[in-house]
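First to last, the protein sequences are chains A and B.
Numbering-wise, the first sequence is residues -13 to 107 according to the numbering used here.
Numbering-wise, the second sequence is residues 10 to 156 according to the numbering used here.
Incorrect hints may have been included.
If you want the footprint, here are the derived chain B segments under chain A, 3+ residues with CB under 8 Å [stated by the list, open to error]:
#1 52 to 62
#2 96 to 107
#3 123 to 129
Far from chain A, by Cβ distances over 12 Å, these chain B residues were calculated [said to hold, decoys possible]:
#4 Q16
#5 R24
#6 F38
#7 E47
#8 T71
#9 D83
#10 R116
#11 A150
#12 A151
Derived from the structure by calculation, the hints contain no laboratory data.
Yeah, the Cβ is synthetic: ideal placement off N, Cα and C, and Gly gets one too.
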Amino acid sequence: MKCSHKREDCGIVIRFDGELGHHEAAQCVEYLEKTMILYATEPIFLDLSGLTFMDSSGIAVVLGAQRNILGAGQTFCVVGTPPTVMRIFQASGIVKRIQFIPELPHLSKPENEEEEPCTAK
Amino acid sequence: MHSEVNQMSIKFQSRSNNEAFARQAVAAFAAQLDPTIEEINDIKTAVSEAVTNCIVHAYRDTLGYITVAAKLYDDGEIRIVVRDKGCGIADIQQARQPMFTTGDAGRSGMGFTIMESFMDRLRVRSREGVGTQVTMTKRIAARLGQK
Chain A
-13 MKCSHKREDC GIVIRFDGEL GHHEAAQCVE YLEKTMILYA TEPIFLDLSG LTFMDSSGIA
47 VVLGAQRNIL GAGQTFCVVG TPPTVMRIFQ ASGIVKRIQF IPELPHLSKP ENEEEEPCTA
107 K
Chain B
10 MHSEVNQMSI KFQSRSNNEA FARQAVAAFA AQLDPTIEEI NDIKTAVSEA VTNCIVHAYR
70 DTLGYITVAA KLYDDGEIRI VVRDKGCGIA DIQQARQPMF TTGDAGRSGM GFTIMESFMD
130 RLRVRSREGV GTQVTMTKRI AARLGQK
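Turn these sequences into a full structure, and let the hints guide you.
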């Protein structure tokens, strides 16, 4: 499991790459908490597009992050969720509780193109 | 009646870094049934949930052994048994409820729900102080032009 983050125009993007099970969950939680403290006023996007596996431990990671980040008044979105990982969220019946977006919002949008802003708060 | 065509068994310590080993071993064994990517992911996820339960709940404050056994049948069914000799489950019905957990805040309580969703059948047998056995079965559908 590799955790990383970078600044984009829309906010801070935290990315997980690899497999996210119980063994990796603590590392992810620690990374999320540390990054959230570093960027306490910025929108946070959790990029799951690099995940090759996730089980219910990942659900707890995402819900915990959402609770903390929204609780601190920041914006939180999950972006790029692969279909295999999305099935875990669907089976758990919590899809409506999380703001999923297919890709990062582009702040400088091209002409004649509508943009879907991330509104989870 | 279906006939058994192959079986495997592995036994390992209840260390969390063995979870990936367990799910990948079962997935590699199940590959003999020529499952789709989605079916193999379902099996990996269900095994991961069952093994995590052993580590987090059965052997909460101790180290023990987990056995994972799998059998393949000639009609494309795989039967997976995950067994521990841990603390056992006091109330199986309650444990199988979505969002129920006796673990810490890092647990979602969705383990059994996901096992049920991703496998065809799930049976849980447990006795307090003796251990727990989770049996999961899934039928891998024969694809057109094969088998």
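Results of checking the hints against the structure:
Under the rule that three or more residues need a Cβ within less than 8 Å of chain A, the assignment of the segment 52 to 62 of chain B holds, with 5 such residues. Given as covered by chain A, the segment 96 to 107 of chain B fails the check, having 1 residues with a CB less than 8 Å from a CB of that chain where 3 are the minimum. Requiring three or more residues with a Cβ within less than 8 Å of a Cβ of chain A, the coverage given for the segment 123 to 129 of chain B holds, as 3 such residues are present. Q16(B), annotated as away from the interface, keeps every beta carbon of chain A farther than 12 Å; the closest lies near 25 Å.
With a least beta-carbon separation of about 8 Å from chain A, R24(B) fails to lie farther than 12 Å from that chain, contradicting its non-interface assignment. Under the 12 Å C-beta cut-off, the non-interface status given to F38(B) relative to chain A holds; the minimum distance is some 17 Å. Not every Cβ of chain A is farther than 12 Å from the Cβ of E47(B); the closest lies at roughly 7 Å, contradicting the non-interface assignment. With a closest Cβ-Cβ approach of about 17 Å to chain A, T71(B) is found to remain outside the 12 Å limit, as its non-interface label requires.
No Cβ of chain A approaches the Cβ of D83(B) within 12 Å, the least distance being about 28 Å, so the stated non-interface status holds. Chain A draws R116(B) into its interface by the beta-carbon criterion, the shortest separation being 6 Å against a cut-off of 12 Å. Residue-level check passed: A150(B) sits 17 Å from the nearest beta carbon of chain A, beyond 12 Å. Non-interface status of A151(B) relative to chain A is upheld: no Cβ of that chain comes within 12 Å, the nearest being about 22 Å off.
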